[in-house]
Amino acid sequence: MKRILTVLSLSLLIAGLGLGCRKPKTVDQTTLNSTVLLATADKQMKQGKFTEARATLRLLEQYLPGSPEFPKAKLMLGDSFFFQGSPSFPEAEVEYSSFLNYFPRHELRDYALYHRALCHFSAIESAERDQTETRKALEGFQQLLTESPGSPYAGETKAKVLQCWRRIAEHELVVGVFYVNVYYYPGAERRLKALLETYPDYVDRERAYFYLGEAMRQRLVTPEEATQYAKDYAAKFQKEDLRTLTVEQKEQYSKDFTAFTTERIKTFRDEARGYYQKLVESYPGSEWARRAADRLVTMGTGGVKEELDS
Numbered sequence: 124m125k126r127i128l129t130v131l132s133l134s135l136l137i138a139g140l141g142l143g144c145r146k147p148k149t150v151d152q153t154t155l156n157s158t159v160l161l162a163t164a165d166k167q168m169k170q171g172k173f174t175e176a177r178a179t180l181r182l183l184e185q186y187l188p189g190s191p192e193f194p195k196a197k198l199m200l201g202d203s204f205f206f207q208g209s210p211s212f213p214e215a216e217v218e219y220s221s222f223l224n225y226f227p228r229h230e231l232r233d234y235a236l237y238h239r240a241l242c243h244f245s246a247i248e249s250a251e252r253d254q255t256e257t258r259k260a261l262e263g264f265q266q267l268l269t270e271s272p273g274s275p276y277a278g279e280t281k282a283k284v285l286q287c288w289r290r291i292a293e294h295e296l297v298v299g300v301f302y303v304n305v306y307y308y309p310g311a312e313r314r315l316k317a318l319l320e321t322y323p324d325y326v327d328r329e330r331a332y333f334y335l336g337e338a339m340r341q342r343l344v345t346p347e348e349a350t351q352y353a354k355d356y357a358a359k360f361q362k363e364d365l366r367t368l369t370v371e372q373k374e375q376y377s378k379d380f381t382a383f384t385t386e387r388i389k390t391f392r393d394e395a396r397g398y399y400q401k402l403v404e405s406y407p408g409s410e411w412a413r414r415a416a417d418r419l420v421t422m423g424t425g426g427v428k429e430e431l432d433s
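Start counting the sequence shown at 124; every next residue gets the next number (the numbering used here).
To be clear, the hints were calculated from the coordinates, so they are not data collected in a lab.
It is possible that part of the hints are untrue.
Below, a list of computed lysine-lysine pairs in the BS3-like style, where the Cα atoms sit at most 25 Å apart [stated by the list, open to error]:
no. : residue 1 : residue 2
1   : K259      : K316
2   : K354      : K373
3   : K401      : K378
4   : K195      : K166
5   : K389      : K378
6   : K316      : K362
7   : K283      : K259
8   : K281      : K259
9   : K172      : K195
10  : K378      : K354
11  : K389      : K354
12  : K378      : K359
13  : K169      : K195
14  : K378      : K362
15  : K362      : K373
16  : K401      : K316
17  : K401      : K389
With the hints as extra help, turn the sequences into a complete structure.
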């Protein structure tokens, strides 16, 4: 009886091992037809079966990369992520990029460029957040317009480019305003001046001028500027730093530094008046112009508020 049980146990064990080692079924490549696979995937996508469609397209991608249907299959893989119920734009972007790498001169290249840019466009954050995706979208749309200015997607692309520029400009303005509100006036000055120079057609110029005026109205000489002045001053006497100056030279430095800071601050205030004045003259009916007029009165520019009110 024990021998019988032992033989049965061994038989079952061997059978189990045989099942465990059995190889998975392989695809019979001779039965694959690229036209049928593409048509099947297309039908599945129209039925909303995007996961099944991807599995079908992967068969074509893996086993029939030399077929005429392969380029279309690559595009459809991107579409399967882009148009599914809950779009996965990062995965769609990967597939569109793959198509563009495989087929750099394909007739549907503009389609892939447009939808790849849309993947980034769809991930754009609010103006308060990082604008990396906005810049990637802008780069993609501009590439499409450069390569295919006559593309049927060109009109919509131009509209998207404007939206990207406006969002980036708004972000720069938000950062500049934030710097003013946290008293980081040198940073606000750099940010807002660069904004007006780089995005003159897309920025809210009224707010930009007002907050640039605010930054310059309260701007002082920074520690970095003071350090550089001291270094340059010592260098005039061929000294490494102020500690090695003579007593007379140090006294003169104190006077010169006071004159330097006074002149710099005067320059800042004059610049602030210029921005406020530009607001009053260029946007006389706006709330920002009224605020700017009040600032000018406070800073000693008489008559401006009265003229604006009249």
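How the hints compare with the structure:
Taking the CA atoms of K259 and K316, the gap is near 24 Å; set against the 25 Å cutoff, the hint holds. Annotation: proposed proximity of K354 to K373 holds, straight-line Cα distance about 13 Å (limit 25 Å). Only pairs whose Cα atoms come within 25 Å are accepted, and K401 paired with K378 is rejected, the gap being roughly 35 Å. Between K195 and K166, the direct Cα distance comes to roughly 14 Å. Compliance with the 25 Å bound is thereby established for this hinted pair.
Our distance criterion of 25 Å between C-alpha atoms is met by K389 and K378, whose separation comes to about 17 Å. Restraint check for K316 and K362: not satisfied, since their Cα atoms lie roughly 36 Å apart, outside the 25 Å limit. At roughly 12 Å between alpha-carbon atoms, K283 and K259 fall within 25 Å of each other, so this suggested pair holds. Distance restraint check for K281 and K259: the Cα-Cα separation of roughly 15 Å lies within the 25 Å cut-off, and the hinted pair is therefore satisfied.
Proposed proximity of K172 and K195 is supported: the alpha carbons are some 18 Å apart, at most 25 Å. At roughly 16 Å between alpha-carbon atoms, K378 and K354 fall within 25 Å of each other, so this suggested pair holds. The straight-line distance between the Cα atoms of K389 and K354 is roughly 23 Å, inside the 25 Å bound, and the hint therefore holds. The suggested pairing of K378 with K359 holds, with an alpha-carbon distance near 16 Å, which does not exceed 25 Å.
About 15 Å separates the Cα atoms of K169 and K195, which keeps this hinted pair within 25 Å; it holds. A threshold of 25 Å between alpha carbons decides the hint, and for K378 with K362 the separation of about 18 Å falls inside it, so the pair holds. For the proposed pair K362 and K373, the alpha carbon gap of about 12 Å is at most 25 Å, so the pair holds. At roughly 14 Å between alpha-carbon atoms, K401 and K316 fall within 25 Å of each other, so this suggested pair holds.
Simply put, K401 and K389 have alpha-carbon atoms about 18 Å apart, close enough for the 25 Å limit, and the pair holds.
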